[in-house]
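Colleague: Start from the sequences, fold in the hints, and give me the full structure.
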Amino acid sequence: MIVEGLGGWLSKVGNFSLTLLIVTTYGLLMGAFIERIIAKVQGRIGIPYRQPFINILKNFFKRTAISHGVMFYLGPVFRIAGGIGTLAFVPVIYGDEMFSNFSMAGDLFLVIYFMFFGQLGMALGAGESGHPYSAIGIARGLSQMTAYEIPFALAVISIVIQYDTLSITQIVAAQQGGWQNWTVVTNWVATLAAMLAFLGMMGYSPFDIFLAPQEIPIGPPTEFHSAYLGLMQLNRALFGATKLVLFMNLFFGGATGWVELMIKTFLIYMVAIVIGVAFPRFRVDQGIRFFFKIPTLIGIMSIIYVQMVLTS
Amino acid sequence: MNTLINFPISLIVLCSGFILILLGLWGMLTQRHLIRIIIGFSLMDTGIHMVMVSIGYVTGGTAPIINNAVPMSEATNLVVDPVPSALVLTAIVIGLGVTAVMLSFAVRIYKTHKTLMIDKLTESKW
Amino acid sequence: MMLGLMAIIFFNLAANYTENTSLSKLAHYYVEKGPQEIGAANIVTAVVVTYRGLDTLGEVTVLFISAAGVGLLLRRKKAEQNNNHKKINSVKETANTHKSSSEIVETATELLLPMIILFGVYVFLNGHLSPGGGFQGGAIIASGTMFLLLALPKSHISRLLIAITESLSGFSYVVVGVLGVVMAGGFLDNRFISSGTYGNLFSAGAIPLIYSFIGLKVGFELSAVLDRFRKETSNEEDDPV
Amino acid sequence: MVATTDTIDIFLQPLGIYILALGVGFLIPLVYRVNRNSAILVFFTALLIMIVIAGLNLLAIINGASVMDIETAGIKPPFSINLRFGLFEGACVLAVNTVALLGAWHYLPRLKQHAAALLLYLILVMGINGMVMTRDLFNLFIFIEITSIATYALIGMERTAKGLAAGFKYIMATSIASAFYLLGTIFIYYQTGTLNIDDIIANQQLIIGPIGFIATLFILTGLLIELKPYPANGWGLDVYETAPGGIASLISVGVSAGVFFALYKVLPIMDLYLTSIAFIGGFTFLISNFIGLKQENTKRLLGYSSIGQMGLLTLVIALLVQLDASAHIPLIIGGLFINHLFAKAGLFWLAAIVDRKNIKDWSSIAKHPSLLILLCILLTALVGLPPFPGFWAKWELVMLLASEQLFGWITLILIGSLLEAVYLFRWFSYARNVESSESVEKPAEVSVSFLQQIPIFITGLLLFAIAYVMSRFMNVDNQLIYFPLMAGFAIWLIDRLNVRVKSLIMLLAVSIGGYFLTKDLEGINKLFSYLLIGGGILVSFATLYRHDDRKGFYPLLSVLLLSLATLLRAQTSLEFFFAWELMALSSYLLVMLGRNKQNCDPGIRLGNDQKNDQKYNQINAIKPALIYLLFSLASAYFILVGFAVSYSATGNYFLFSLGDSGTSTTLAFSLLAIGFIIKIGGFGLHIWLPEVYAEADDDFTAILSSVVSKAGIFGLIIIAAHLGVRADIGLNPAYVLGWIGILTATFGALMAVFQEDIKRLVAYSSMGQLGYIVTGVALMSHLGWVSAMYMTVNHFLFKGILFLSVAGVILRTNERFMYKMGGLIKNMPVTFTFTMIAIIAMSGVPPLSGYGGKWMFFNALMDKGWYWIAALAFFSSAVAFLYMFRLLQTVFLGQRKLEHRKLREAPVILLIPQGILIAIIFVISAYPKILIDVISTAIDPWISNTLVWKGTAMQAHYGYWDAPLIMAIIAGAWIAPLILLLLFAKTMKVQKVEQFNIVYAAERPRRPEETHFAYNFYAHYDRAIGFVVRPRATAFWNAVIEWTHSFAASLRIFYNGNGQTYALFIIMYFVGLFLVNGGLAL
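Protein chains in written order, with my numbering: chain A, 171 to 482; chain B, 357 to 482; chain C, 165 to 405; chain D, 5 to 1086.
Treat the hints as calculated values from the structure; they're not laboratory data.
Note that beta-carbon positions come from the ideal geometry of N, C-alpha and C, so glycine has one too.
Just so you know, not all the hints are guaranteed correct.
Claimed, not checked - Beta-carbon label-pair distances, calculated as ranges: (1) Arg1036(D) / Arg459(A): 11 to 21 Å; (2) Phe1031(D) / Val240(A): 31 to 41 Å; (3) Asp524(D) / Val479(A): 52 to 62 Å; (4) Arg453(A) / Ile814(D): 34 to 44 Å; (5) Ser372(B) / Lys189(C): 24 to 34 Å.
Modeller: Structure (structure tokens):
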């Protein structure tokens, strides 16, 4: 993964742009698909697949009617920079130099920390709007984040111990050679903890109060509009897909091709959807307390498990 | 028991001294009236002086003054110890001084407090 | 209870006490060497004035400061002091007492007082020869004062005289002590005056001199203390607050 | 006749003191009658000559003359009384006479009214001299009595009702004591046949059987009672309380000194009782300092302190004699003694001239700088802080006790000292309290003439001088340790200049001084010198933003910064400790200078119910400052004992030999680590930190957090380097340390989440961030240390920015509660930008510098296998987002308050240092190799380098990190959408919604601000896990305080004020001693 010369870097950027495009499109499509599934469950018809694309295009060409100050406009920029950057540090397709992105810049640790970047920027932008609802949403979202971060961190530590590396590429490499080598099989405890954290991370019911789709129209983005909203929607698709890719890489053996990637990520996504449809919503403090109990316990067990069983 | 039977004279003085000291202490501790406390002190002081004198006694000795009765050559065998006598002289004077100051305190306390009861003098504590 | 325990302790002392049958090392030295070194027949005096002269100086100081202390505590306000600050004569009866003593008492006092004082002087002057000494003599002089105050309650004693006497006698004592350093072996060494003839009045070096100072000082100081208490109580009667 | 020169010689001999005092004493009444002024003149001349005599003779002895034995009556001892004038006697006499002279000066207005008072005073002093010099048991009794009677009379002189009552109790008690002494003396004579102390000692074998036992016991009790041991000391306290200051001081220091010396003289025959004596002394020291906590009467407070100090001296002398360590007596006893002597006397005089009975009323001197300075100097000396004699003595003492493994005694002494510091500095706090809103009538200003302060001032000077001499005796050759103090003094001289001028001069002076002090350092010390001195000066530059006069601020700041420099220079533990204490003291005083908005009872109790901000709005800097000092002292004591443990193993003070501590390594390391952790604000020991950071001046908080806290880190690294790495054992304490660090990080973050006060938020955050560093140090690996140092630098950068920007915000808004702010981004865009960058750097989000620290930290943790700690670190860094966001959101974003519409940007002077720090952050973020190489070089001597670089990327066992690349990618990812947005977005202006209140359903607002959305921002989080951060530690420490005070109250029930009870205690004391030493067995 040695990149040399300006040309090398330029082609790297080009490759990454392609990845970006694919992943974003995939994210948007999947979003629409999920909407349709939920609609079916609830007995509605649902949106057409093109709807997200139309939404974004429409928003981009709308004129801005209000002004909240510089930070307000920078918020979505931070947000999408977070999404793009996160994707940039994740190798998407295993064994394919073209889609390994910029994963040589940093390891899993970098990805996890950089995921905060977008959230922080988003929070700042929404805060600048001056609307208390957005601040409340952020407060809740950040709180929930700290909570699911615990089982997630434990699970990550567990697999880092297991594979003795922080490099995502190497983690994927270690899972090659059949499903029996996937983390979900070899270290199911950690996967369980991580998937519980994943529920919180995706912001679906029962952990969707910070978005509060009913009370606070769509949570933090509530104040955004036009191109800003467009950026946000783009990011929602992109970032969501990126997280799925990350989980796939860490726990489900990664992907050697786009098709495998799409199937795997979709299935992972479905976990959140199914649970979300089946469960009522937690209040935010209940949600936080939940993460501190069972998922954390499982996370702790995962480390014990990996120390006792796998590395002995 | 031997000592009790023979009962040397100085032991009697010594014990009397001790009894006086105890009496004096008892007075200082139990009597609430300042003047009585001062009397207690005097008793104690006197007791100590008696103890001191008795300590200096040498069996069969006489006053340490060299004169015809006590020739210089035999003086060392005949006289009592002069040192406690000298000390007691000093101690008496000191006791006197303390008593005088105590009495003047009592006088002043009576003027300021209109009482001579020691348990009324508890303005400062803790 | 505590006193009971104290009693046990004292009993312990008494039970273990055995009377001395010989002199202590110190006493032995004093009795043996005292008459020659100091020239005083009364060994106690030799010990008091010379061997333990520093004690005695301290003792005088104690008396001096307790007199001063009593004076300080029982002082009166300035105005009163000035009123009482009158006569120079040592003893004087106030003329217009409304409760004067009887004639017999007055006469007896005038007769006895000089004798008492004279006896006191005798005692301290012969301190090195016979039982007695400065303190004893001083006490006798003070008892004279006591007698005077009891017999003639309204009589005045001059503060100034007392002050001068006690200051000068005390100072002289110190000077004598210093002379001991300069002219003899050390501070309070009484041998800078020749020992004289053993057994005489003027013998034993400076002891008679020292004892005279002590006697005067003790006498006047005790008198001053007595006088203070008297003034205080009479003041009390005059002016019950 | 004899030549005059001889006569003069005679007078100049020690005996001259008596001759002079007595001669003059006898003459004073006479002279007084003639002319009052000449009597006063004679009186002073006599005192002065007494000093001269003592001084000349002492000088002769120091210059090699043999100990002078003065005989009297021209006859050899033991047949006559002799005096001795040796080194100890001379020093004691000289000190006592000096204090007496100064005391007489102080008390002259009253003394001169009575001839008797003058002569009593003179003879009292002579009595003390006699007690010290005489070598005769009975003569000692006489001098005790002379002293006592003179004391009685002087106590009674004022003739106040209370004074007389106290005096009578005093007489009762001391007369019983001297009766005991006399009984003892006569029985000693009975057995030994001599009264000369040397002779008695030579014939010790004669003191046998029950009589010998009881006789020595009598003497001992008599002397001990005079030293006022607990509980048989109520009478002494009453006298201290009621006697005039001039007299109380003489009793406290002079008479006690004499009795103490007497005790010292007879100790050789007290072999049997040494342990008892030590226990009595220790017990008295501890208990009286305990009870002092409850005391509010100024002079009684000093009384408790006096009794405590004498107890300490008694304890120490008994121990020294027991240990046969008489070589240490001059330094330890002498130091403690002289310290007590001058400081206590000065305080008594100060108490007398200020004349406020209750320490709470001392706020009347708050505007009286010279009195405050005097009070501060004397208290500092009394507590044993540098540079005063007590400091050196305490050091020697602890080292000695440690080398004898007497840690129980060390603990007792240090606890006692700490308690003493509590009540003494609480007093200072009251004095500093400018407006006392509590008291109904305002205490009148104190008017004290300059002349009255002179004696106190002289004691202060003498303390300094003696301290210097002591340090020379202790072979402290490095005079540079005094440099901070001298610089501070020099700056103080120009304190009247314009604030700009003096601050610039100070900065210049500190820059030059700091440069010369630190220029030849190397390794870790060099690294820290950049941070502490360079950083300190940079942050201090921001202090220029204030326009007010700030009296005292700059001198103290220069002391602080330069003491940091000397701390770095320290070669020996003594130098280190000296600088450490100096730093603690100066920062305490600086904290105390914090502006007082509202005042409240500056007692020690902590009111940390954070939701009840009505209450905590009232806290001013005085109370936190006191707590700060106490924790600093506690920290210093741990460090002291730690050094002592090491010294007991290695036998020298050099820091580099700490590692040779052998089996003591673990203990030494633990103690030192606790000490440093207190200073850093470690978990459970942190309660001082938020209060102090919140209430100190805003710019000083920046210095405290970004610079001063690094001193603790430095200490930690130093001991880790010397003890942890080299000795290669003690891993277990390191693991514990790691846990402490991470718990600090977690709880610091959690507590920061729930703060309403902006400064408290940043304060807790600071504490939390330091926690990571502690854990990093505890890792004891190369990567761990690199991460710790890297985070240290980073912490300096972002905390400097944050506190300075907070200072700017507070300056403009005049608010500290975040819900009272909002929308300030419009007024203060630069401040906002800086804050945001600092926060990103702090949070560890790539690409800024925080990420590198976190990355190395986690890799080091994983390498070490500390997984649980790693998980907690993950969690706490997530929690950190909560408060960081809150800081930005509620202060700078959201709706702007109406009254804040006209605010301006923060002053440029505040922004410049922030800008510089921001620039450094960016450089380090993009090219961390610059910094890491420096760090790595510094720690390579300790741990072999394990860093692997691949181009710009750093490789660890687990992961890799390519900072420049990350920076480039993120910049790209950020700029691309921005351009996109700029292409599409078209804006128009509209009106904003003026609504920022929100109320949860079924919640009733108790106060208006509760409805504000930014108030209790994380209420839900609080409901979820807030229980873990309920102020347990605070509650714990409050309980400690409560318990201590009520314990103190129960200890003093003995002091019922009844003289007979006191007398009974004395008897009990004797009986108790009798029983304890096996009296019944006889």
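Colleague: Hint by hint, note whether the structure agrees.
Modeller: Now the hints, each set against the structure:
1. Arg1036(D) / Arg459(A): 11 to 21 Å: For Arg459(A) against Arg1036(D), whose Cβ atoms are near 19 Å apart, the range 11 to 21 Å holds.
2. Phe1031(D) / Val240(A): 31 to 41 Å: holds (40 Å)
3. Asp524(D) / Val479(A): 52 to 62 Å: holds (56 Å)
4. Arg453(A) / Ile814(D): 34 to 44 Å: holds (35 Å)
5. Ser372(B) / Lys189(C): 24 to 34 Å: The hinted range 24 to 34 Å holds for Ser372(B) and Lys189(C), with Cβ atoms some 28 Å apart.
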